[in-house]
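Visitor: Spelled out from the first residue to the last, the chains are:
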Amino acid sequence: MKPARFDYARAASLDEATKLLSEAGGTGKALAGSQSLGPMLNLRIAQPELLVDVTSIPELTTVAEHRDHVDIGACITHADIEDGRIADPSLGLLSYVAGGIAYRAVRNRGTVGGSLAHADPAADWVSVIPLLGAELLTQSPRGNRSIAADRLMVSSFVTTLAADELICAIRVPKVSARSRWGFCKFNQKVGEFAHCIGGILYDPDNRRYRAVIGAIETAPIVIVDATELFSGPFGPDLDKRLDIKALLALLDDKEITDDYTRQLAPVALKRAARQASAS
Amino acid sequence: MASNGVGARVRRKEDSRFLYGEGQYIGDLRFPRMRDVAFVRSPVAHARLKAVLIPEHLRSSVFIAGDLAGVLPLRAISPLPGFQVSEQPALVTDKIRQVGELIAMCVADTRAEAEDIAAQVSLQYDELPPVIDMLEAQKPGAPLVHDTVKGNVYVNVAYDGDVDSVAKTAPVKVTRSVRTARQVMSPIECRGFIAQWDSRLDQLILHGATQFPHVVRSGLAQVLQVPELKIRVVSPDVGGGFGYKALLAGEEICLCWLAMHVKYPVRWLEDRREMLVANANCREHYYDMTAYADRTGKILAFDAKAIVDTGSYSAYPFTAAIEASQVSAILPGPYDIPVYRCVTSAVATNKAPQLPYRGVARPGCCYAMELMVDAIAREIGREPHEVRTVNLVRPEQMPYDNVTDKHFDSGDYPQLLRMAVEGIDASGVRARQRRDESDGRLIGLGMSIFSEQTGHGMTADGKRRVLYEQTFARLTPDGRLEIRAGIQNIGQGLETTLAQIGSEILGLDLEDIQVKLGDTETSPYSSGAWGSRGMIWAGGATSRACKELAARVARIGAALLQTDKDSVRLRDNCVFGPSGSVSLRAIAQAYYLSPGELPSDIDAHGLEVTGGFSPSCITGIHTGSAHAAVVAVDPETGAVEILDYVVAEDAGTLVNPMIVDGQIFGGTAQGIGSALYEQMPFDKQGQPLASTLADYLLPGSAEVPNIRVLHMETPSPYTEFGIKGVGEGGAIGPAAAIANAVNDALRPLHVEITEIPITPRRILHALAARRLANNLEHSQ
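Chains as they are written, first to last, in my numbering: chain A, 384 to 662; chain B, 5 to 784.
Next up, chain B with everything else stripped away, as it sits in the complex (with noise of 0.2 Å):
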């Protein structure tokens, strides 16, 4: 039984359907006369709209901003002091932000005829000067984004250590300028939704692929001013999510207004395209940072001031201010740094929003200050592992509060940066280094260690700490398990790790529990999957339901056993007690067909329990994780090839090591996708210039190397099982530990690339520049 339960290696109970093609997203559901949407977007990045044109025959088929009456704009407010408040209307109304944006909705029986409608439509518009690169957004002069926010800067969020008398008798001055591509989260499934109204009900019905549907529905009420009983929200299987499906947009609100009006169901799915050019955009941070160093590594302080490009409009629910305001907190990582100083702003430009994508502002971070590691590495002649292990919080310092008041429950940092150092066999790559490559290329060793906060306790809107999440959890009649939760599995493997820890507490068979999530219906309120929070949240809020619903399951066993109910145990789909055992079958056919055998004092509230559950700190339950990589590098022609990735990670207890397994590979194929591969270049227009996955990169399969997984597990002190959150991490060290190898490897070269994706090209141009400066030198 033991081997169901949390810790084991379970393969996935929902893979049986997706793997034979049976799974159900939504562009495999139906209803009847449903119709499609296809929209109208900006072909330009910033203009004033003077008119949408409208065919006469087309009138009807048509919608505009003037149409949508009664729909209120998206206010996607951060409480942080000073955030500057943009208001994003569903369709455009008077001023195009960005290429892409929605303008007008059209209706027909297909996608094709939609669209065949949206080319007949055309638009007349003055163009006004676009804000394209985040640093000019900043200038004076600048074109405003937005009127109401001043200087192009949503929020500043603000560290002020007293650097300036460290800087003073620092021995050691490290600087760098580094920069990360705006990406395109890219799960295969778009986004896509079907809203209908259902009379019966006299409810809105929206089916739609989303990581959170209870706060969309609170959303879609604010904005459709309904109340929130009229609304149902339905998440059937996602396709991946990654943040790209913890959103709430333009499209989704159209459509719903359309159901409201037209009483017939009605679809928009995105395409590649749409999510291209128009959506799905993330990352995008600019550094500059100084450290301050003693001759060992150590870092005495750190100053930095950051940017990110958060586009056109605050994007709900997360805002335009989660990256500026997790630059700022994160970027100092899991090292003890005495003095930091650091200003993030978070700047408005005519592009697509940025929205938080798997470790929203973390890889970035981890790539900033990796890469200034390894630099003050170089500066002082020391291995870079050893300069980590210099500056990290030690295990002894646990729990440890940082320069930003991040609190780090537990782990042990430097013996998963050792792991790594091992994993990747650091001395024999030091070794391979000295002898020549007979292909020619250069090898390269890099490494990252980060710490992330994990299911810390916001509210998806991000205004106020979540005190809750809930689960509920039946035995059914026939004695088997139903958890149901508002979270949504989102390819993490809920349908099971949850099941799991229904199995661990009741004593159930995996095949006796079935976890039913996605509906608004019928779970409680979650703010959904996102922030590595699943098994910290949900997983505890199961937890606790299961443990109650277990007593009361106990209680009754211990009647039919005549025996006390401190007595029993829940093993083996039984309750054993001193002699003898009752199946939790019997237990259940007792209370629900046969109750008046049982004694007279049994709980009324019955076996059904709604669990509730918080971790005793709701700032984050800290991980640990070492990324370690070997590349080779061809300096012809710029190619990177990664021969070797070991991935250290303490997410505490693992309640399925299996799928923990299965999250990093996910998250550092992504990971190398920001390293080497993706980016969305725009030019001087704001035209994006990646259209279709032939432009826009991402790693395939010969791009993923074997990935070597090696766990430790510290369990949290403030958790359920001591579980941390693990979904994010992934993606999170690869960008720097790779960026650092390829460095690594161009050292000789005397060449250190500071952006990333570090793509052939950027390698070749690099290697240029050197040599034209060293012809420069020599001639001298």
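Excised from the complex, chain A in its bound form (with noise of 0.2 Å):
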């Protein structure tokens, strides 16, 4: 299929950006990598009325690292992560994960940003970015804001971001450098979207003991401290220490209620958990 008609801006700037999408009045759409937005077009699923081109505007591919956290631009594409040629504050978590993310043509061209506005529930960036504890600019006709990355996505495809609101940047702590982390997610073939997503953040220093399930149908579960649900402190063999009734407890709370997802979640996080706590 081929799209319906649209209306197409490339935005020089924020302001630009901003003041186009709030004209448009919920008919507009900004367009960064395209790879989620392009084929919803084609299908004719989304038929906005205009496009807003935000790849040409310089904040959004810019990269910014400050003392204790690092600002990357919406922009920025999951090559540039996996590929390394941005700061890493994640002790290359993040490189990690951009590398499983789809295929490497759609990786040259998806963006970090989009993907989290898109808020594909089975996307990688909807599950890490909260674990990491970042925290997400944006900016409307309104002004700027910041957003916990935990409090985005509402549920599938639905975001707290309004109409004419971008996401300029994801503002990413610094991990120290005794943190661990463990990512596991399970697809059926390489590039496929996942059908379940287990990470585990532990920063002593910053006091950052985190998990999350994701991929989920729906926003991912991010548990702040995974105290409890690892049935005490970060330590060595962490996955056995899982606290399967409590996981499942959480799904119960979501209301998921899919016999595959339930018997995923346990082994993705207990598989996050091992490499987290491997020695």
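The hints are simulated quantities; they were obtained by calculation from the structure and are not laboratory data.
Just to be clear, a hint being listed does not mean it is correct.
[What the hints assert, rightly or not] Derived SDA-like pairs: lysine to any residue, alpha-carbon spacing no greater than 20 Å straight-line:
(1) A:572 x B:190
(2) A:572 x B:696
(3) A:572 x B:302
(4) A:385 x B:696
(5) A:385 x B:120
(6) A:628 x B:772
(7) B:17 x B:662
(8) A:572 x B:697
(9) B:302 x B:340
(10) A:385 x B:39
(11) A:385 x B:708
(12) A:385 x B:65
Starting from two chains that each stand alone, build the complex the way the hints lay out.
Guide: Shown next as structure tokens:
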């Protein structure tokens, strides 16, 4: 199929982009790498009247390293992260995850901000960015704000972003050198969207001990303090200490009834824990 | 010179244009004033169409069934006794029978605008209860897909051996029900056509990716009620056929009608969604089977009931009977089964018509039978390959007519099996299985073996036995060889292999031979590229044409060398006599440009020949092949990884072993799709649920292992050079071998999976069911 008719504008600045989106009054859509929106346009699932191309806005492709965090421009591609072309606040977690997103052709164009705004529950960043305790810096005609990453996604393809609000950057806290992480996702074939994601981040210096369960057909479950879930503090053989009943209760809270997801979630989290706690 | 002929591993002549992106596919063609078509398709599976509402200002851009005056419905009728006939209109007339069925044709300057128009056409219909499951479809009171197809059964195909008397005394009885998913053929290039009217030639010209341009022409002539003289079908490069382009369907019929009326070129390019949802459906079988065996595993009798889900229509030309007739006839496989009973029903449902996909029913049959052989092996505690050996037709029995009268012409099936067993290192795998894997995965070994009936001589409409295939061969005035055939190159390398045959016979370099295919206007009639028939039939016809041409060339060469025609030989681009030689170029020049210098008795038929060929056995040339797979199954996630894969293949004399390897790699990749990934799910209303390749999973390069191919060459006694067919073989064995390997891996957990594809979800579900059963046993 071919897209329905739309107008196209290439915004030179954030102000121009948010103004165009605001004027479009909900019928506009920001276009970044076009790896999700493109197919949706072709299938006519999305029929915006205006596409605002944000890829030539300089701020969105900027990465700024600060003392305790890195601001990653929203139009930084998965491949930029995979290849280590940007500062890494995560001791390798971001590039590890980026390298497993879809296929290289998709990673060359797909952007981290676009993926977060699109909010496909089976995508990687909607799970991993909250795991890192990141914030999203946004702009709209009403001004700038910051959204905690675990507050962005409401449910499948639904976020707290306004129609004229753009993610400008992802502010990722730097983890300390003693940090450990684990990430495990299941897909049936390479490049497919995930069927389940498990992630662990342990950063003793910054008192972070977080976990995430994602790709569960809705917003991921972010566990800000994983102590109870793993029956105690971070340590060796963490995978063997996963409280599966507690995990299933978390899935119950989200009304996840699919047997397959309920079988995979403990495995994903265990394997992430094993990776994080392996000596 | 011999390095270019039959048996040479030469690179493909056609690959340069493909690798440099210079192939010409239907989507690459442009004609002045060409406009694009989009179709309004049915959103529901079963309904009475009451009205098609077209906004008045768009009326001239939209065409519905009532507009298509003079267009007859397709009627694909099997000659099998009892076949119930249905009709398939190009556009829905009154009853909708599947999601995606064609209702209206919209034309505009671009596809996007045509889709805009289609979106403004609305439908009024009364929904009917749909028939979605083939088992339900046969039950009394089920809604009828066609009033003319009673009980929703197009045809039953039966063999009726006396199983009951064997059953009374057989020491071993094994019963299984197995099922294969509905799949969607997925060539990279979807279907597509451009139709136009040529006023000068007073002729309709249809360009389109097809495996059989001549068959499309005949079919179009019938439904459009136009003389064949007035239709030309040209197939440009074909981006994968696999059976999906051996078809005549509503889209191209509508397009042709439109071109004849509007007199400008019109194009329809299928998109992936149309292909998945509305069109390229295939496979989907169900088997209830019981094998009776002795304690060695020798099958004494085999009993089966099978169903194939043929979907909404009898597709043209191969009909709704093709899979059912194959299932009943081919299920016994390469085995010496003395007593056999089988009824296979072709059942209509409200899903897209089932089309014959690479191997047609053979992959399903192979999966079903080979699962049974492994089940027998487990039952009696023997190695599965030992049970196979006990049952295989032996080389000393060849030629062998099996229980369904299939004529196995030659081959050594036990040796093929041994090659696979040794190739996969079966004893090494067994040793590995006795050790625990460090990652907790379970290792499994599985095999399959089959005999494939290739190049069987049926007309493309399945009605009659073909007795001919022709190739035209001409030595051009500059001494080069032009080969023209009505078959089409669909990626199987015919531009190279037919040239190799020409080279073998005429002694010409491959660079001086060109093969021209795919155009009804310039080639002899051919029933096309399907059924692993290309090299047997078109290769045979090329051989015959070139042999006659060689004889004529030899006569002229002998005259020029002033020697006897029986004393000359063709090689190295020349005719050699007892003393001296003359080049084919000089011979051609003498014939065309200075005929006065030749003796007066030179054959007036000239240096162009249409040669015909028919194998001396037209019921099919039987190949053999064994597949062996080693898999690792993760019992926590249900993930399956193929660790090793071996194919042992006997396709007779190989014209180009490298091309055969490629055929086997590609077929095996598709078989891996059947085994582990591909399924088109439907909801209860008959909505197909996988409308993109994000939902319909195909194996990619990461999922296809390094496939090791072992060749064995038993020439067929019935063909030129001893060639057998090989196009489909790779796709037939994998589902069986991989399923057996997965079940072998899961054996310690007492789980057997009897449905493909074997997805992680399916494995975890089976493991959970087994745990539940175990818990119940413990609690009792």
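Visitor: Hint by hint, note whether the structure agrees.
Guide: Evaluated hints:
no., hint, verdict
1, A:572 x B:190, "holds, 17 Å"
2, A:572 x B:696, "holds, 15 Å"
3, A:572 x B:302, "violated, 39 Å"
4, A:385 x B:696, "holds, 14 Å"
5, A:385 x B:120, "holds, 9 Å"
6, A:628 x B:772, "holds, 17 Å"
7, B:17 x B:662, "holds, 13 Å"
8, A:572 x B:697, "holds, 12 Å"
9, B:302 x B:340, "holds, 9 Å"
10, A:385 x B:39, "holds, 15 Å"
11, A:385 x B:708, "violated, 32 Å"
12, A:385 x B:65, "holds, 18 Å"
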